[in-house]
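Each protein sequence line maps, in turn, to chains A and B.
The working numbering puts the first residue of the first sequence at 223, with every later residue one more than the last.
The working numbering puts the first residue of the second sequence at 223, with every later residue one more than the last.
Since no wrong hints were added, every one of them can be taken at face value.
If several chains are the same, the list does not tell them apart, and a pair holds so long as it fits within one copy or across any two.
Calculated pairs, DMTMM-like style, for lysine to aspartate or glutamate (alpha carbon to alpha carbon, straight line, at most 20 Å):
#1 LYS275 x GLU234
#2 LYS351 x GLU380
#3 LYS275 x GLU230
#4 LYS348 x GLU287
#5 LYS342 x ASP258
#6 LYS342 x GLU370
#7 LYS275 x GLU260
Think of the hints as simulated: they come from the structure by calculation, not from any bench.
Number of protein chains: 2
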Amino acid sequence: MKPLSSLEQLAEALRRLPGVGPKSAQRMAYHMLQHDREGAAMLGRAFNQAVEKIQHCTSCNTFTENPLCETCMDGERDATLLCVVETPSDQLMIEQTLTYKGLYFVLMGRLSPLDGVGPKDIHLEKLVKRASDGVVAEVVLATNFTNEGEATAHYISETMKARGLKVSRLARGVPVGGELEYVDAGTIARAMLDRRAT
Amino acid sequence: MKPLSSLEQLAEALRRLPGVGPKSAQRMAYHMLQHDREGAAMLGRAFNQAVEKIQHCTSCNTFTENPLCETCMDGERDATLLCVVETPSDQLMIEQTLTYKGLYFVLMGRLSPLDGVGPKDIHLEKLVKRASDGVVAEVVLATNFTNEGEATAHYISETMKARGLKVSRLARGVPVGGELEYVDAGTIARAMLDRRAT
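Chain A with its partners taken away, still in its complex shape (with noise of 0.2 Å):
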């Protein structure tokens, strides 16, 4: 067999990406070279120095190119909360409604054993120490509201519960701007029995 050209290399390494197949490796592989060479150069440099450098917080497992991201490093925060999220994205989904003033810490992913996606894949040793630290008294869970996230939720607050710590989880109905019509029955069920004295 011959060697891989550069240019197989490139669609090779381009399926690497998550929903990349076959032919739309190739396809960017020749545009880039093709249109677009000054883009390829930075996304070369990119993956290089992110690669080198992006490492995951000690303390709340987020991605960051320090030992300690700029949330944990935040002296103005609540450490007495702890906020599980999935991912960084959800971590800043929740940062944009300014209602949230604790601490974090990101899963990097979730429970799915169909996956082989067990415990240790989402860090529980290291959640269950950093919310043991004597500081933390309430821990917020905000995985997402999927079978797999609330699934994970339930793990996790099982373990927490076990250690003494309070939990509490977001709160699940109708979403703003929600019309009842269009709201599928799960939701109303449960807006029903959580509803609260206004």
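Place chain B on chain A using the hints.
Chain B in isolation, oriented as in the chain A frame:
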């Protein structure tokens, strides 16, 4: 404004890939850093190497790491035939049919005035020079049978004929295995006009 972190730079660079928007770019960046660092390092190397090494063949204009590509260096090929294709993938498809033993010219695009792609962008001057080498006797147009491909073929055909070269075009007609009931009327009309004595 804060300078972008390595992660943001990577997501930004990934948006340069065709068909990748901001959400996909972020998802790709997270995925590669979380689950496939080896792939990320491969991508970094592959992009750098491709940008550094890949040039256009001085004769046929395809991608190559040497001044002349392998096909153009192959002395066994029929240098009197020059097949014009839009992309290296098209060339590869024709090669796989084993029906053509001549040389190629790869336009690396197609005429598309609406997108601002003119004769210069598809290297027509280089093609004219290549076809006028005194050896090429017939130019075989194998651009796509799309509106743009047909327009490109027509334009090249006129240019070549003005220089006294023989020009041909791949035959149009009913695809092999095609059932008339499911073939579009335009194709059947063309197959009827181009019908051949058996």
